[in-house]
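Colleague: Taken in order, these protein sequences are the chains called A and B. Reading the first sequence from the start, the letters are residues 1 to 350 in this note's numbering. Reading the second sequence from the start, the letters are residues 1 to 350 in this note's numbering.
Simulated from the structure, these hints should not be mistaken for laboratory data. From the three backbone atoms N, C-alpha and C, an ideal C-beta is built for every residue, glycine too. Check each hint, because a few of them may be wrong.
Covered by chain A, according to a simulated footprint, are these stretches of chain B (three or more residues, beta-carbon under 8 Å) [unchecked claim]:
(1) 149-158
(2) 261-272
(3) 290-300
(4) 333-340
Which chain B residues stay away from chain A? Per the calculated CB distances, all over 10 Å, these [stated by the list, open to error]:
(5) Lys42
(6) Ile91
(7) Asp115
(8) Ser162
(9) Lys168
(10) Asp217
(11) Leu325
(12) Asp327
Protein chains: 2
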Amino acid sequence: MTKLKNDLFLRACKGKSVEYTPTWIMRQAGRYLPEYRAIRKKADFITMCKTPELAAEVTIQPVDLIGVDAAIIFSDILVIPEAMGMRLEMIESKGPKLYNPIRSMDDVNKLKEIDPTKDLKYVLDAVSLTKRELNGRVPLIGFAGSPWTLMTYMVEGGGSKSFSEIKKFIYNKPKAAHMLLDKIADSVADYLSAKIEAGANAVQIFDTWGGLLSPADFEEFSLAYIQKVISQIKRKDEPVIVFAKGVHYKLNKLANCGADVIGLDWTMELGKVRSKIGNKVALQGNLDPTVLYGDNDKIKKEAIKVLKSFGKHNGHIFNLGHGILPDVPPENAKYLVDVVKEESKKFHVK
Amino acid sequence: MTKLKNDLFLRACKGKSVEYTPTWIMRQAGRYLPEYRAIRKKADFITMCKTPELAAEVTIQPVDLIGVDAAIIFSDILVIPEAMGMRLEMIESKGPKLYNPIRSMDDVNKLKEIDPTKDLKYVLDAVSLTKRELNGRVPLIGFAGSPWTLMTYMVEGGGSKSFSEIKKFIYNKPKAAHMLLDKIADSVADYLSAKIEAGANAVQIFDTWGGLLSPADFEEFSLAYIQKVISQIKRKDEPVIVFAKGVHYKLNKLANCGADVIGLDWTMELGKVRSKIGNKVALQGNLDPTVLYGDNDKIKKEAIKVLKSFGKHNGHIFNLGHGILPDVPPENAKYLVDVVKEESKKFHVK
């Protein structure tokens, strides 16, 4: 195995000392990069996910172009529902569509258990290929959606504004909901284990829709299954990151779910969260993604604010509080990474 | 002036003792009611807003049909941008559109200062007419959008998913943004003062998009102007409610902004918020609106949870944590109001 030349990200995940705060950016392999759009022109989104060469290429682009301290494998959280038997389509400028959404216990029973080494071999191949091509430059992150977030898509049949179908499902068919969450949790755990086996140095669980739930519902329908996933992942020392957007409540419980790192959106103050939950987990985040619409002065000022809020401690991975937006100028993303590298050194003086 | 037969809502807003916890429901005059849809069939949304007889009729419907303890005048927050000179259209199943969105200081300068007694006379007429027809049964609430929320619509030109235009505007043209917020704040204050003069017993400021902002930006671009509005409203004893969706941070500052009541969304726990900010304001909320998709047992259980979370104190107005959804069965809304009336009595025993 190639030794990592830059392991700052992994050290920060474990709360160890670093020379500067490592940065990666959610959706860093994405539409804001002209180099990404050039490939996207030749292949549709799902084809890109399913072609290891293309996935590896766009995964590595931000390492070369933006200078991030970690790569995250290009893929989509909905490959799991597809592998479980649902038909997936990405509709241009509209978003994902899952046909025949799940609405009953019968629908749940029809979903198959996945074997990632067969059903999602293309992702594992992309991970191995990317690792080879990265050649130890930076760590590679694998990811999956949380059971709650995947179930939301599977029941809504795609994105939603009011999320009425998923709420009807959990309130009126709680048994089927728990059965489905359980089934998804097993698939997610197997999938993340296989990604680590294929070479991922860390994994992130995206709970994009956790914040839709009331605090009690979040514990019952989301957190419990994130815990289940984490407890089942086969790993050595690979860190697990949980990003639960909008989950400003239950931070203490989230910090105790087994994750090494909690990702925070931009509505939370890192310093306040840190003093609330202590040092038991590292924190990842959390610049408002729209700050990258500003000029360099604004970006620098706001990046320093985030660093200051966290303070002179170990255990911070710099990131945006949500995915980078498609119309952000790439030079602004690069400037952010540069500025964090430079300015964060002051926060890591021995 | 007709004496109010049911003033529980006003007493609760002031933290006074009540026999039971009063309830009203955001968007209670809305599409979930077949009686509303019958009128909406005959007139489009904007015509309904501009015809006092129709506005009064749908405002009173939930008082008769659902049994709420307060009415809220049927209208829309975007009547202010329209009165300031923007062309407004409601596009069926798509939402509001404001033509020629604001993008520069020039655009801001072109907006006119409103005189509510002329430019928004139709709303004031609707308020007076509704008051007459309510004949003291329950109090009548007037409302407006917060300056930040109105500016968001005015700059985006309608709703948005990424809110990139408004963020570009505040980060790259902060002077124009503050000028616009100032101008809107004056209009909102004049408008709410005129509504009180016309007979509104209370007013609510909706900061629907406050939660898009980082904590520091929320203070600078939203809270400061909510404070300005409240300080300028001409009122005697009429309570002011601020509902800032997603603003889980800065609750202490929000509680000190001059409002009598803070409305909370369903991701916050009333009891926790109360013990954090104390008794200086009443709290309104905050049942997850999707609970109304559940059966009676579920609705009752969750309503009691909200009552228990607030506890045996004065100063609670029961409401949903956001607007009622259009596909909720009206009988579920009625059941909720009945159950709160009955169950909350135990929380108000002397």
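Colleague: Does each hint hold? Answer for all of them.
Modeller: Evaluation of the provided hints:
1. As drawn, the stretch 149-158 of chain B meets chain A at 0 residues by the rule of a beta-carbon pair under 8 Å; below three, the given contact is violated.
2. For a cut-off of 8 Å, the count of residues in the stretch 261-272 of chain B with a CB near a CB of chain A stands at 4, and the three-residue condition holds.
3. With 6 residues bearing a CB less than 8 Å from a CB of chain A, the stretch 290-300 of chain B meets the requirement of three and the coverage assertion stands.
4. Chain A is given as covering the stretch 333-340 of chain B, and this is violated because 0 residues of the stretch bring a CB closer than 8 Å to a CB of that chain, at least three being needed.
5. At roughly 26 Å, the least C-beta separation between lysine 42 of chain B and chain A is larger than 10 Å, which holds for a residue marked as non-interface.
6. For isoleucine 91 of chain B, the non-interface assignment is confirmed: its Cβ lies about 15 Å from the closest Cβ of chain A, beyond the 10 Å cut-off.
7. Distance check on aspartate 115 of chain B: its Cβ is at least 35 Å (rounded) from any Cβ of chain A, clearing the 10 Å threshold; non-interface status holds.
8. A Cβ of chain A approaches the Cβ of serine 162 of chain B within 10 Å, the least distance being about 6 Å, so the stated non-interface status is violated.
9. Once the 10 Å rule is applied to beta carbons, lysine 168 of chain B is inconsistent with being away from chain A; the minimum gap is 4 Å.
10. A beta-carbon of chain A is positioned within 10 Å of the beta-carbon of aspartate 217 of chain B; the least distance is around 7 Å.
11. For leucine 325 of chain B, the requirement that its beta carbon stay farther than 10 Å from each beta carbon of chain A is not met, with the minimum near 6 Å.
12. A beta-carbon of chain A is positioned within 10 Å of the beta-carbon of aspartate 327 of chain B; the least distance is around 6 Å.
Consistency with the previously given hints fails for numbers 1, 4, 8, 9, 10, 11, 12, ordered from lowest to highest.
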